[in-house]
Every structure is written in C-alpha cells, then in structure tokens.
Amino acid sequence: MSEWSNIEGLQGWKDKLGELLAEARKAAQQEELDPRIAVNERLMQFVENSWPNSPEITALDEIATQTASALLKQTIAERLQTITERTGQYQKLGKQFAAIAKESEAKADSIRLGAITSFIDSTTKLIDSAKSLQKSLKDDAADQRLGEKIAETIAAIEALRSSVGKRI
Amino acid sequence: MELLLIAGLTGCAPLPKIGPFVEASNQLRSAVAASGTTVEAELRLMPDGAASADKLKQQWEVRNKAFAGIAAYANSLKAIVDAGNEGAASAQKVADSVSGLAKAAGVVLPGTPEAVAVVTDVGKFIGAQIALARGAKSLEQAMETAQPAVEAITELVAADLKDLEAIFVSAAKANDNAVRTSPEFEYLLGYRIQLVKQIGKSDPNNAATLDRQVQIGQMLQATDAWLSKYLAKRKEIDDRLRVGRALIQATLQSARDWGIAHGNLTTALKERRPVNTDSLIQAAVEIQNLVRKVREL
Chain Z
1 MSEWSNIEGL QGWKDKLGEL LAEARKAAQQ EELDPRIAVN ERLMQFVENS WPNSPEITAL
61 DEIATQTASA LLKQTIAERL QTITERTGQY QKLGKQFAAI AKESEAKADS IRLGAITSFI
121 DSTTKLIDSA KSLQKSLKDD AADQRLGEKI AETIAAIEAL RSSVGKRI
Chain F
169 MELLLIAGLT GCAPLPKIGP FVEASNQLRS AVAASGTTVE AELRLMPDGA ASADKLKQQW
229 EVRNKAFAGI AAYANSLKAI VDAGNEGAAS AQKVADSVSG LAKAAGVVLP GTPEAVAVVT
289 DVGKFIGAQI ALARGAKSLE QAMETAQPAV EAITELVAAD LKDLEAIFVS AAKANDNAVR
349 TSPEFEYLLG YRIQLVKQIG KSDPNNAATL DRQVQIGQML QATDAWLSKY LAKRKEIDDR
409 LRVGRALIQA TLQSARDWGI AHGNLTTALK ERRPVNTDSL IQAAVEIQNL VRKVREL
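Note that the protein sequences, when read in sequence, are chains Z and F. In terms of the working numbering, the first sequence opens at residue 1 and continues consecutively. In terms of the working numbering, the second sequence opens at residue 169 and continues consecutively.
Same shape as in the complex, but just chain F (with noise of 0.2 Å):
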C-alpha cells in the first residue's frame, strides 16, 4: 500500500539516464591511473629518479583504488536504474517463480488461464510503477549521501593533478637537461653557438673575411648529423612532456566536469525534474584518445 502510495505521489517519471555519468565514471578512473603512471615512467628516466617513482607509485595506488571505488558506485547506479526500468520483467520473474513453485508443490492456481494472465498483466503494471518509485528514491539517496564525498574527491584530485603535473615538468625537464648536458652533446653544443656566433660577426661583403667565413658555414655544416640526433632526442623529451600534460589537464577538466554532473544529477532527482549528461561522453572520449596517445609514446 504504501509502496503504490509512493508510485502516486512521484507519477513515476523515468529514471534519469545514468549511461553516461557512469562511461564518464570508468574513463575518469583510468584517466586518474594513466596521469599516474605517465608522470610515474618519467620519473624512472630521470637520473637518481627510480625512489621518486617508487613512492609516486605508492602513493597513487592509493588513488587507483579510490577511483575503482567510484566506478563501483557509478555502476551500481546504474544498478538501481537498470532495477527500477525493469520492473516489469521482475514482476514477471516473480510471477514465473510463483507459478513454478505452485506447479512443484501441486497448487493450482485460482481463475480461468485468461483471467490469470490479466492479473500477472495488471501485476506487471503495478511492479513496473513501484520499481520505478523505489528507483528513483534509492537513487536519490544513494547520490544525496555521495554528494560530500563526491565534492571532497574532486577537490583532492584537483590538487594532486597540479603537484603531478609539477612533478612531471621537473622530471621532464631533469631528463631534457641530461641530454644538454650529456658528453655526447655539450661540448659540440657551445662548439656550434660559438660557430654561430662568429658567423654573427663575420661581416657578409667584406670580401678579406670570405674564405674564412666559407669554412666556418662548412664547419657548422659537419655538426649537422649530430645535431639532428641531439635535436630528436630533446623532441622526443618534449612530445612525452606536451601529451602527459594534455591528459594531466583532460584529467583535472574531466574530475571537474563528473563532479558537477553528479550535482545536477543529484538536484534533478530531488526536484524530480530531467538532466542531461550526454556532455560527459564527449570529455570521455577525448581522455581514451589522450591515454591511447601516452600509451603508444
């Protein structure tokens, strides 16, 4: 009785479509561990940076479990919008058992076959509406108790992207000032500026200077192979750097942007009015395609 009240009184509006907060959940939890392990590899190429690495991978560990907890929580969101839409299946899943049982037990049942199946139809109708009101108030407590949560979590993460992505530019940094300073480069780096420099100098139409002039330009030319070498292994530095700090920000962004779907989710279900998170596939498909590019680097 109390339960068809419910039905009544909420008018049994559809479930909010929760497909998307859920997607946004799973790709914000893998976008978290991908932050982690990105800025966690840097650190192993830095000279001296293996310990650094291993207490960032502890640390994030810690992260990676949290952020499981979260998807957990988006499914079984999901779970409760899935039971609340199917309640007519589960009417009838309750209806089959009980037949089956009356059938095992040789019960017959009361009424005409006809008139059985317009009771299990009226059921049915019946289950499907109470499904919905007991889905809609399960969801609307399970997201009201996760509001707090759900805000002390995004705030967190905001502030462990920035010291991660600070982390990750020094160690990037550390590992681009190897190459500059490694033997293999420095001397024939300053070798080249001072090439460069008398080149500088060197007045073009003073026609004394020529010779000289023509052999610096020969001389600056043989350092060519190796300064495409040095010139690659600094590029590759900074492609590592310039994609770890896009999935670093689509992070930070994408942490924002669930935080404050859940809100609207949150006051929606209360005010028993739509919401619409389709804006969060779109964040998630743009974090796959920044993981997916970290991950071939």
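Isolated chain Z (complex conformation) (with noise of 0.2 Å):
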C-alpha cells in the first residue's frame, strides 16, 4: 500500500498537499540535498497520483509542481552562491602554481645548462660572423683598424669562453 492509496475527494488530496508543503518548508531550511530531493519526489509522484484531473485537482498539482521547482532553484542558486564565493581563493592559488612552475622551468634550465650552452652557441654564431666580416675588408687603412678589432674582440670572447667554462 502506498502513500496515495487511501486519499479520496478534493479535501483529501488538500491535506495531502498541505503536509507536503510542510515538510517542503522544513527541507528548504536545511541545507542538505538529500531531504529537498525527497519532498520533490512525493511532490512529483503527489501530481501523478491526484485524481480526477478536475481544475480543483490540477490547481492543487500546480502547487505541487511549483513548490518542487521552487525548492530546486533555491538549491541551485545557494550553491551557485558558495562556488562563487571560493572563486577569487581560486584565481590567488592559479598565480602561485603559476609562479612556482615558472621558477621550476627556469631551475631546470638551469640545470640543463642551457644558458651556458646557448651562450657559447650564440658567442660561436658572433664569432663565425665576425670571421666573415674580417674576410670581406679591404687593405685601406680603416679596414685594417676595423681588422684589428675584430681580432681583439674574438680574442676577449674567448677570454669570457674559457672564464665560463670555469664556472661550470
């Protein structure tokens, strides 16, 4: 036997609705869902089961209906509300994992040697270039000077080469 079996006649299924509201009102004071899920399936199965289906019977299955939508939306929109609130802890911890892998890569970078290797590749580069440049100068005397330094200035990055390579 369920709980529908026995209501008869319109003030029957109007008690029923109202000990139903009841019991909506109380879950909508609670915060857990469990309680709230439970008042909008006897509401639910309160429309299916109210009978005949006279405007008296379908007002009261209006009730019903809204009341259970009510009770969900209210929950929908609480909880909405909570997640909203933790959004801004949210963007302040994005920052920090951000900071910390950004640190991270360039530690292992670090130890990679990659900036000592890129170093050395990009002074090999200016040196080639350098070369080039030296090679391409006419006998004239600035081109001599500009020879000169040329000569000076690969000289010091080898200098600077073999002080990094130390440090390594």
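Hints are computed from structural coordinates only; laboratory data are not their basis. Heads up, the beta-carbon is just placed ideally off N, CA and C, and yes, glycines get one too. Among these hints, one or two may not hold up.
Covered stretches of chain Z (in silico footprint by chain F; criterion: 3 or more residues with CB under 8 Å from a CB of chain F, positions within the stretch not fixed) [what the hints assert, rightly or not]:
1) 6-18
2) 42-53
3) 102-108
4) 139-150
With the hints in hand, could you dock these two chains into one complex?
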C-alpha cells in the first residue's frame, strides 16, 4: 500500500498537499540535499496520483509542481553562490602555481646548463660572423683598424668563454 | 666545489618517478573541466536554466585556469627531474658547444684526442652527479613551496564538487519533473495509475467483473507505446545523472589522491627515500573512461 492509496476526494488531496508543503518548508531550511530531493519526489508523485483531473485538483498539482521547482531552483542558487564565493581563492592559488611553475622551469633550464650552452652557441655564431666580416675587409687603413678590433673582440670572447667554462 | 659537495652529500640518489604525478595532474585538470561542462549542460536543458548555466560557466572558467596552472606546475617538476636525469647529456652539450666555439675561434684544445675524451667523460660523470643533486634540491624546494597551495586547492575543489553535485542532481531532477508534468505525459500517467488501482481493487475470481477486468487490461495495454516513450525520456535523464555523478565522485577522489600523492612525494624527497606514485595511473585511467562516457551521452 502506497502513500497515495487511501486518499479520496478534493479535501483528502488538499490535506495531503498541505502536509507536503510543510515538509518542503522544513527541507528548504536545511542545507542538505537529500531531504529536498525526497520532498521533490513526493510532490511529483502527488501530481501523478492525484485524481480526477478536475480544475481543483489541477490547481493543487500546479502548486505541487511550483513548490518542487522552487525547491530545486533554491538549491541551485544557494550552491552557485557558495561556488562564487570561492572563486577569488582559486585566482590567488592559480597565480601561485603559475609562479612556482615559471621558477621551476627556469631551474630546470639552469640544471640543463641551457643558459651556458645558449651563450656559447651564440658566441660561436658571433665569431663566425665576425670572421666573415674580417675576410670581406679591404686593404685600406680604415678596414685594417676594423680588422684589428675584430681580432681583439674574438680574443676577448674566447677569454670570456674560458671564464664561463671554469664556472661550470 | 659547492656543487660537488652537494653531489657527495646527497649520495646522488635517482630522482623520483614523477610521470604518474604529472599524468594525474593533467587528468585532474581534464576531470574538473569535464565535471563543470557536464553540470552546465544539464542546467541548459532545464526550464529557465540558462542564466544559472552562464553563471556556472563563468565561475568554472576560473577553476579551469587554476587547474591549468597546476598542470603547468606538474610539468615544470617533470622538467626539473628530466634535467636532473639528463646531466651527462647536458655536460656533453656544453662540451660540444665549447669545442665548437674553440674551433670557430681557432683555439686548439690542449691534450691528445684520447686525453680530451677522458676529460670529457669525467666531466660528463661529474655533470650528471651535479645535475642529480641540483635536481633533487630544486624539486624539493618547488614541492615544499607548493604544498600549502596544494592542500588549499584540494580542500576548495572538494567543497566545490559537493556543491556541483547538488546543482547537478537538482538540475537533473528539474528536467525529470518537466517530463513527468509535461502535458504530453501528465494526463496519461494519472490515467494509467487509476487503471492500475482499479485492477488492484478487483477480484480476479469474481466472474461478474471479469469482462470489466479484461477491458481495463486492454485499456492499460493501449497505453504501452506511450509508456515506453515516457520511460525512455526519463531513462535518458537518469543515465546522464548516473554517469555525471560518477564523474564528479571520481574527480573528488582523484583530487584527494592527487593531494596525498603530492604530500607523499614532498616528504619522500625530504627524507631521501623512494616513493611509488603508480597507483595514480589507475585513477587517471578511470577518469579518462568516465570523461569519455559523459561525452558519449
């Protein structure tokens, strides 16, 4: 025998709805989800079981449907609000993780000796370019001076490389 | 000199296997995102649910961004471990660069080719030890710095996922209510319930009401096609609810496991003892399956 078996007549359905509305009010004052879902289910069963489909019963069904809907919408609004309240903390934590990640990537690069390798490789390219330039110089006095400066630069870079090498 | 000392003191233990943790971080990011979109989609199906769906989407994007930061963080830990494990290769790279520069500058490296090779091998060995020591130190520092943030975000996401589940259940129930009270089904459902009640009240041994009982049975049968349609619509919602809740629960569990794994890794690094994070792989596979199932619905 179900909750709905012995309800007869409009007054019987009215009384039953009154009981369910009181339950719904109680559930709405609690934070837990389960009591709200349980009342929702009973309100829907009320709509399905109430009979006949006279205008009076249909009006009771409408109240039951609206109450169930309001209860669910209230739950959604309340939970969305608490989610919104946490958003600022995520923004802060996201920034912290990004900063640690950036620092760790830099450390990884340092362990890979990436900066040193990159420095030496760039220097090698610079020396190659400088030598090409040196070869393209003419015999006049101005170019000779430039050639001497390039030779000095190459020697200085090699000295710098040597110092870097000692730091590895 | 200082680095050599570090290498000696640490005993140059191998760096921990960080791969499962990175994989779990990436899966957690994708599970958090999928949980959000699953609930957002359910809200969009709900009568008057678009505004709530928009609000959730906006809030969840911030979570997705934070978890993208977590994935980047996990990948940066892997970069440290890889760099630490590839110390010999790095030393070789530097040696190659130096030799390239020397050639370009026209400088002859001292020693015979054999002597240079030995020096390079020793350099590679020392480079490997130094890289391991620096890797262990950097990893420990990074994870120790991140630990409070990891604990905070694990708690936050656990609270969020509980709220998300409540929203999901409520939205799915609202969608189910819409089917149950739709003009297409509401009247017929009440009618069918009344027929079933009448059958329940009738006496199958009473010959006088037999014709009426048969008639009710036929009337009930006539509603079968409609009933199948009604049940199929409700099953669709129930399937979404079941798989979606499983995804949210798995995400919750995975966030907890991930937080614990981070704590264990940090402690293990401090205490210089090995740690096994392989169990995270199983959780990651489970999440992958659930995300796929949700997308298929």
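In terms of beta carbon proximity below 8 Å, does the stretch 102-108 of chain Z have 3 or more residues touching chain F? holds (count 6)
Given as covered by chain F, does the stretch 42-53 of chain Z meet the bar of three residues or more with CB within less than 8 Å? holds (count 7)
Apply the coverage criterion to the stretch 139-150 of chain Z and chain F: a residue qualifies when its Cβ sits closer than 8 Å to a Cβ of the chain, and three qualifying residues are needed. violated (count 0)
Do three or more residues from the stretch 6-18 of chain Z put their C-beta atoms closer than 8 Å to C-beta atoms of chain F? Coverage by chain F is violated here, the residue count being 0 at a Cβ distance below 8 Å.
Violation of the numbered hints given earlier is confined to hints 1, 4; the remaining hints are satisfied by the structure.
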